Every structure is written in structure tokens, then in C-alpha cells.
Amino acid sequence: MAIYNKSEVAFVRDQMVGESPAPLSEVGIVGWAKKNLFSSIGSTILTLIGFYLAYLAITTVFNFAFTEAIWTGVDGNACKPPVAGEGACWPYIVAYLEQFIYGRYTISERWRVDVVYLIGAIGIAWLIYEGSPKRGLASILMLTAFPIVSLILLTGGNFDYSSTFIITCLVLAAVILGLAFVIPTLTKSNPIPTVISVASILGVIAFVLFLVSIDFGLPQVETSLWGGLLVTLVIAVVGIVVSLPFGIVLALGRQSNMPIIRIICIVFIEFWRGVPLITVLFMASVMLPLFMPKGVHVDNLLRAMIGVAFFASAYMAEVVRGGLQALPKGQYEGAQALGLNYWKMMGLIILPQALKLVIPAIVSTFIGLFKDTTLVSIVGLFDLLGQVQSSFSDAKWSSPVTSLTGYLFLAIVFWVFCFAMSRYSIYMEKKLDTGH
Amino acid sequence: MAVQDAGHIDDQAKVAFFNDPKVRSWIYQILLVVFLGWLIWSIKTNVSENLEAQSIATGWGFLSTTAGFAIIQKLAFYNEASSYGRALWIGFLNTLMMAFVGVIFATILGFIVGIARLSSNWIIARIATVYIEVIRNIPLLLQIFFWYFAALRALPGKRDKISLFDTFHLNITGFKMPAPVFGPGSWIVGVALILAIAGIVYLRRWAKQRQMEKGEQFPVFRASLGIFIIVLLIAYFLAGMPISLEYPEFVTDGAIFKQGFTLGVGANLTPEFIALFLALVIYTAAFIGEIVRAGIMAVAKGQSEAAHALGLSNGFTLRLVIIPQAMRVIIPPLISQYLNLTKNSSLAVAIAYPDLVAVGGTVLNQTGQAIEIVALWMVIYLAISIVISLIMNWYNNSIALVGR
Chain A
155 MAIYNKSEVA
165 FVRDQMVGES
175 PAPLSEVGIV
185 GWAKKNLFSS
195 IGSTILTLIG
205 FYLAYLAITT
215 VFNFAFTEAI
225 WTGVDGNACK
235 PPVAGEGACW
245 PYIVAYLEQF
255 IYGRYTISER
265 WRVDVVYLIG
275 AIGIAWLIYE
285 GSPKRGLASI
295 LMLTAFPIVS
305 LILLTGGNFD
315 YSSTFIITCL
325 VLAAVILGLA
335 FVIPTLTKSN
345 PIPTVISVAS
355 ILGVIAFVLF
365 LVSIDFGLPQ
375 VETSLWGGLL
385 VTLVIAVVGI
395 VVSLPFGIVL
405 ALGRQSNMPI
415 IRIICIVFIE
425 FWRGVPLITV
435 LFMASVMLPL
445 FMPKGVHVDN
455 LLRAMIGVAF
465 FASAYMAEVV
475 RGGLQALPKG
485 QYEGAQALGL
495 NYWKMMGLII
505 LPQALKLVIP
515 AIVSTFIGLF
525 KDTTLVSIVG
535 LFDLLGQVQS
545 SFSDAKWSSP
555 VTSLTGYLFL
565 AIVFWVFCFA
575 MSRYSIYMEK
585 KLDTGH
Chain B
-1 MAVQDAGHID
9 DQAKVAFFND
19 PKVRSWIYQI
29 LLVVFLGWLI
39 WSIKTNVSEN
49 LEAQSIATGW
59 GFLSTTAGFA
69 IIQKLAFYNE
79 ASSYGRALWI
89 GFLNTLMMAF
99 VGVIFATILG
109 FIVGIARLSS
119 NWIIARIATV
129 YIEVIRNIPL
139 LLQIFFWYFA
149 ALRALPGKRD
159 KISLFDTFHL
169 NITGFKMPAP
179 VFGPGSWIVG
189 VALILAIAGI
199 VYLRRWAKQR
209 QMEKGEQFPV
219 FRASLGIFII
229 VLLIAYFLAG
239 MPISLEYPEF
249 VTDGAIFKQG
259 FTLGVGANLT
269 PEFIALFLAL
279 VIYTAAFIGE
289 IVRAGIMAVA
299 KGQSEAAHAL
309 GLSNGFTLRL
319 VIIPQAMRVI
329 IPPLISQYLN
339 LTKNSSLAVA
349 IAYPDLVAVG
359 GTVLNQTGQA
369 IEIVALWMVI
379 YLAISIVISL
389 IMNWYNNSIA
399 LVGR
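Sequence order for the protein chains is A and B.
Under the working numbering, the first residue of the first sequence carries the number 155, and numbering increases by one thereafter.
Under the working numbering, the first residue of the second sequence carries the number -1, and numbering increases by one thereafter.
Please keep in mind that the hints were generated in silico from the structure rather than gathered at the bench.
Check each hint, because a few of them may be wrong.
Here are the in silico distance ranges between beta carbons for each label pair [to be verified]: (1) I282(A) - V385(B): 41 to 47 Å; (2) L326(A) - Q364(B): 37 to 43 Å; (3) R124(B) - F220(A): 17 to 23 Å; (4) V184(A) - T127(B): 22 to 28 Å; (5) R124(B) - L492(A): 50 to 56 Å; (6) A208(A) - I106(B): 54 to 60 Å; (7) A208(A) - F163(B): 25 to 31 Å; (8) V184(A) - P154(B): 43 to 49 Å; (9) K212(B) - G172(A): 45 to 51 Å; (10) T127(B) - E284(A): 26 to 32 Å; (11) D168(A) - R124(B): 49 to 55 Å.
Partial selection, computed: residues in chain B whose CB lies under 8 Å from chain A [to be verified]: (12) Y26; (13) Q27; (14) V31; (15) F33; (16) V45; (17) E47; (18) W120; (19) I121; (20) I136; (21) P137; (22) V372.
Just so you know, these numbers come straight off a predicted model, no measurement behind them.
Where a beta carbon is used, it is the ideal one built from N, C-alpha and C, also for glycine.
Please put together the full structure from these sequences, using the hints given.
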């Protein structure tokens, strides 16, 4: 290494030159495009193909839904080829909108459906908006009062019970109360608290049965008249409300150390998870009536709901089991060391943590359930999809674009519901991620 | 201390027989069994009473009765004079075929979508994201209806067609393509095919072993392709060219009802098959895409950086470093997607693609044997689910990380 004498060197830089700005081709839109769109020859080709495909897709959908679409008209002729035939036939949707929302629900009674929708919307908003007060109360109301009020409003209440049904219920109640008294007595503990809690549960059930039998002066609306969005939402909500507790019980049963209970739960879960929902619905619609004693009629809608609820419970059970298994064993041991019994350990320590872990998975199960409700149209119920599909046979609105318009409408409705749920789940995931 | 306390504990244990958790748990379980037994017994009596009232005989005798309905797509011999059992078998084969083809194509499309979503190319990643978010949130049944009732109905009519190379044709009656016709001596080609595959498997093992020992690479893919083509061609010509192609026949003149494609000449994919296939593949691929993306993101970034530092190209990095590691994360959810696709293929009943459920539904309507048919469905789907899980679990174990 040579040693330079300062006088021998012509120039020595003793100051750094200031930073020059990045070349124009590396910053701003040009730089971004160069980096993200045209980084190599392959990438450029892909970009061109991609833009072309995107252009095709967007213009096709946009033209169909807007520029070529027909906005007014009184029947299908407005959307037929001499006049149109390339774009959506929106007046058809407008004409059928009521039917898509209520089905063939008695027209003068549709306000009842509106009230249920309204209460449901307010309840859900109350539940999911964080700033709202008393969210615990909201969830209790939504799980107890809302289903009963909806049942009364939608069907009209005023249920008749046959004398056999009342006698069976009374006998069952007596047997259960007797057991609640005998078992604690045999184990030499005080039977009074058990009897009181069991009696209050039975009392609540009796009260609900009594409530729905009251004549509120609402005309009856047969479930065969229900249809459209109403049926879709009723089946989905019943499925969701039933599957969560039932799934939790099944998951606990599967983790239980009582061999018979464990085996029964495993068989139940794996059975429903192993078969397609459509066979479950067929089973519910053709076999359930055979299972019932003579003279007991199970409503078509109820059959589908039972099928969907069983099916969803099995999936929910597996989701909850995932949460239970993800908890470290120390949580169980800690709870036991504190002297908590099984139900307290589960209710106070394990389940709150486990459920929190699997909220995103629970929501995706709900989304799946919501989409799966469309299957009931195959077994002859008129859910939203079935209602739209059946409207295609109306000669008044027949046109080459009627079915496409109907499907586009359905796609938008389902997409909005499902996408909203999935976004909420992502939001919850982020919020609950305490980042250990 | 131990001696004294032992006696004390013994005394306490005898106190409350009913408070012993073990005894209690057995009481609960016995109660549950009694309840379930009662439930099953009462269902059984109700069923037999109800069936008696409808005068339906239970049993599997109906399986050998003549079915009398036609099936539009059959992979084995079937006609109207065949039995119900045969019809159900055809339906079962159709279910298997749909599941098999669907799984293969959904995997390919799913991997493409998943990788595209992570692409550094902005527009490609965006398209993949939009595809996933749109398709995942629309019910499958709606998509099937869309393809069947809207998209495929817009195809040219019976007496018209869209053609590709004058070999593949598409119109409202389906997708027509040449069908292979196996003449006498075809078995020689079949044997050659098996031999070629065996040879390729052997070659791959040999090449891998050589690379392990000496570090020398062997162009396995090109050699395999060569073996495959050469062996098959030699066998084909030795056997006297027994396999020929039968092209679809399109009639444009003559009586109007005879115009269009002649029935039974060439191979035909029915519109039902195409609609169900497209809907299943596109729908399932969206889920597989998300799984693939999650799997790839689960591989630490250092892995790809290290691979790049070793001078591996993007393709090699993906194929040799990222994918093998991502597979461990991908496989378990992929299994459940395969199961979902298989079970979802039962939606065929909505557009009358003759799968197990659709054919079973027809049989059910004709005979009223609800219990037998539903039981058959459930047993078969459970069996399919178990087989798929076993195969995929075996594969999963074979690629699992082996600890030292």
C-alpha cells in the first residue's frame, strides 16, 4: 500500500458529495411499475396477460350489469333481443324483490317479518359494535328472547298442544325432578339446591311453551308459505344458534375420559362429517317422518333445520376441539389445583380461552353454513336460491337474460353476507391477537 | 408417618361410595347408554309401524329388480333392463370419476392461484386475490346453476358448434372429442405402458441414489419422457397399430332431426359433467389457493434467501426448497378440501348429473326404499372419506419431518 503525500496528489476529496435523488425510473409510479409489473420479460408478459384478463372480466361484468342493462320495463319483452338481450334485466328483480325477501308469506302479515329483521339487525349491531353498552345483556337477549319473539312473530304463536304431548311432558318433568331429588339424597348431600335449579330450568321451558301457545291475535302463517331470504336466514340462524352449544358439548364429550361418552361423541361427529349435507337433508326429509310415532307431523322446514343443525354441530365440535387442544396442559392443571370441579374448570378457565382462540374458525364455519343453506332448495324448500330459481319459470318475465340476472343478484347478496362475515372474523382475529 | 396415614386414608375412601368419581362417571355413562338404547328402540318400532302402514317391505331385494330408467353417462355397461343395483353402481362410478378428475384439476388450479397470490407481480397477485375472495363467498350450488343453466345454455345449439383444430367440438349437447378404439392386440400396448412406468420408477430411484452417492445429476425427466414415448411407440407398431381414434361425426345435411352430432360416435362430455366439473374445480381451487398461500408463508423467509444465495433460480427455489417444506403445512387442510370436493360432488343431483346421490334419488322415488338408499349413501360416502383420509395421511407421514 502506497503512502501518499498530500502535495503529490492532485486532488483529495475531503467532503462527501450530497446524495443525489434516485433516478426517475426508480421512484414514483414509474419505479413502482418497473418493480411490480415489468421486473423481467416473464413478468412483463404476465402483466400484459393479467391486464387483458382483468379488462375482459371487468368490462364483461360492467357492461352486463350497467351499460347494456335494462332498468325499466313491465315484463320480459323489455329484455328480449329486438330491444335488448345483452344486459341484465333489472326490472325483473324489482318486480320479484318482495317474493325474494318474503317468499309467499301472507302479504298483509309481512310487517312481522320486517320486525324480526329489524330486531335481528339491531341486536347484531349491538353485539358487534364495541362501544355499545351492556353487550353481555345483548348476547343473552339475542340467544333467549330473540328466538322466542321471532318464533311467535313469524308463525303467529297460538300453538296447540295435544293432550298426549302435555301428559308426556308432565311425566318427563316428574321423572327428571324425581331424579334430581333421589341422586343427591343417595350421595348424602343436600337435594334442595339441585331440585331448585332443575325446577327453574323446567319452569323456563314450561314458560316458553306457554308463551308460544298464547293467542296474540296474529293470524297463523304456515311455514310452507315462507320463502326467499326469510328461509335462508331462519335456517342459517337456527343452525348457528344450535350448533355452537351443541358443538361445545360434543367437543367436551370427545375430550372426556369417560370411554363410552367419548366413543359416542366420536361416532356422532365423524358420522356427520363424513357424509355430504345433501344426503343428510334427504335423510331428514324422507326418514325423519318414519322415525316419528304415528300422527306426529314434522314440518318440512323443521326437518331441514334439524338436518342442518346436526351437520353444523359436528363441524363446530371439531373447531372447538382444535381450541381445546391448543391450550397448554398447565391451564387444566392449574384449574384443578385451585379445586375447581369439571364444569367450573371448563366454564371459567378452559372454554373462554379455547373459544377465543378459534373465533376465526367458528366464523368460517358460520360462513360455510350460510352458503350451505342453499342446499335446502334441492329438497323442495324455497330458500333464496330456490325462490329465484322458481321465478325463472314465470312466462311473464322470460327472456334470454333472466336467469343470468337472477344469478348475478343471488351472487351479490350471498357475497355481501359472506364477505362481511369473513372481514369481521379477520378484524376479530387481529383484535384478539394478544401477540405472545 | 406413612403407616399411620395409610390407615386414615383407607377409612376416608370407604366413606362415600357415590362420591367416587369413577363410580359416578359409570353411572352417567350407563344412563346415557340406556337413553340411547331407548331412543333407538323407539325409532325402530316407529319405523316398522310406519313402513307397515305404507306397506313398504324392508330389505335389499329391490337391488335386483329391473330399473327401467336411462342414465346419460355410464362408465360400465348399463341399459334400461339392468337392475337397480347396477344403476347404483354406475352412479357410484360417476361419483368416483368426478371426485378423481376434480381433485386433480382443483389441485393444479389451486396451486397456481396460491402461488399467483404471492407473486411479486402486482396485477397477477391482485387477480388471484379477487378470484379467491369472490369465488369463496358464493355458494357452490349457485355456481353450479350458473354454469349449467346460464353459461352452458349460451353455447351454440344442437345443429351448430364451436371447433378447435376440427377435432374438439363444443355445443349445447356437450364437449365432443375423439375416442380411442381398442382393436385386438391392444393389450400389448397396455403391458408396454406398465413396463414403461416401472422402468421410469426404477430409473428415478437409480438416479436419486447416484446423486446421493456421487453428486452427479441425471436428466431424469427427459430420459423418462424418452423411455415412455419410445417404449409405447415400439409396442404400438409391433402390435400392428391396434389403437385408433374415432372422430365425432357432425351431420349437416339430411333429415333435420339427424343433423348435428351423431350419438355414440366419438367421446362426449355431457353438459352436466362439464358444469359440475367447472363449478367444483373453480370453487375448491379458491380454498386450495388459500391453503397453498398459508403453507408457503409458513416457510421462513431465510429459506428462500439461503436458496437464492446458493444460486438457485426462482423456479428451483420454489420446487426444491419452498414447496417441499410448505407441503407439511399444506397437506392436512388439503385432505379436508379433497374430502369436501368429493362430498360436494353430490350436488350433482341438482342438475341431474347421474352420480350416486342422483341415481339413488331416482331409485328412492321409484321404490320408496328410503332407509336402504340413505344407508347406502352414507356407508359409501363414509367409506370414500376414510379411504381418502388413509391415503393422504400415509402421504403426510411419508413427507413429515423426521426428527433425529
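Right, here's what the structure says about each hint:
no. : hint                          : in the structure
1   : I282(A) - V385(B): 41 to 47 Å : 42 Å, holds
2   : L326(A) - Q364(B): 37 to 43 Å : 41 Å, holds
3   : R124(B) - F220(A): 17 to 23 Å : 22 Å, holds
4   : V184(A) - T127(B): 22 to 28 Å : 24 Å, holds
5   : R124(B) - L492(A): 50 to 56 Å : 52 Å, holds
6   : A208(A) - I106(B): 54 to 60 Å : 22 Å, violated
7   : A208(A) - F163(B): 25 to 31 Å : 29 Å, holds
8   : V184(A) - P154(B): 43 to 49 Å : 46 Å, holds
9   : K212(B) - G172(A): 45 to 51 Å : 57 Å, violated
10  : T127(B) - E284(A): 26 to 32 Å : 28 Å, holds
11  : D168(A) - R124(B): 49 to 55 Å : 51 Å, holds
12  : Y26                           : 7 Å, holds
13  : Q27                           : 4 Å, holds
14  : V31                           : 6 Å, holds
15  : F33                           : 10 Å, violated
16  : V45                           : 5 Å, holds
17  : E47                           : 6 Å, holds
18  : W120                          : 4 Å, holds
19  : I121                          : 4 Å, holds
20  : I136                          : 5 Å, holds
21  : P137                          : 4 Å, holds
22  : V372                          : 5 Å, holds
Of the hints listed earlier, those the structure fails to meet are numbers 6, 9, 15, in rising order.
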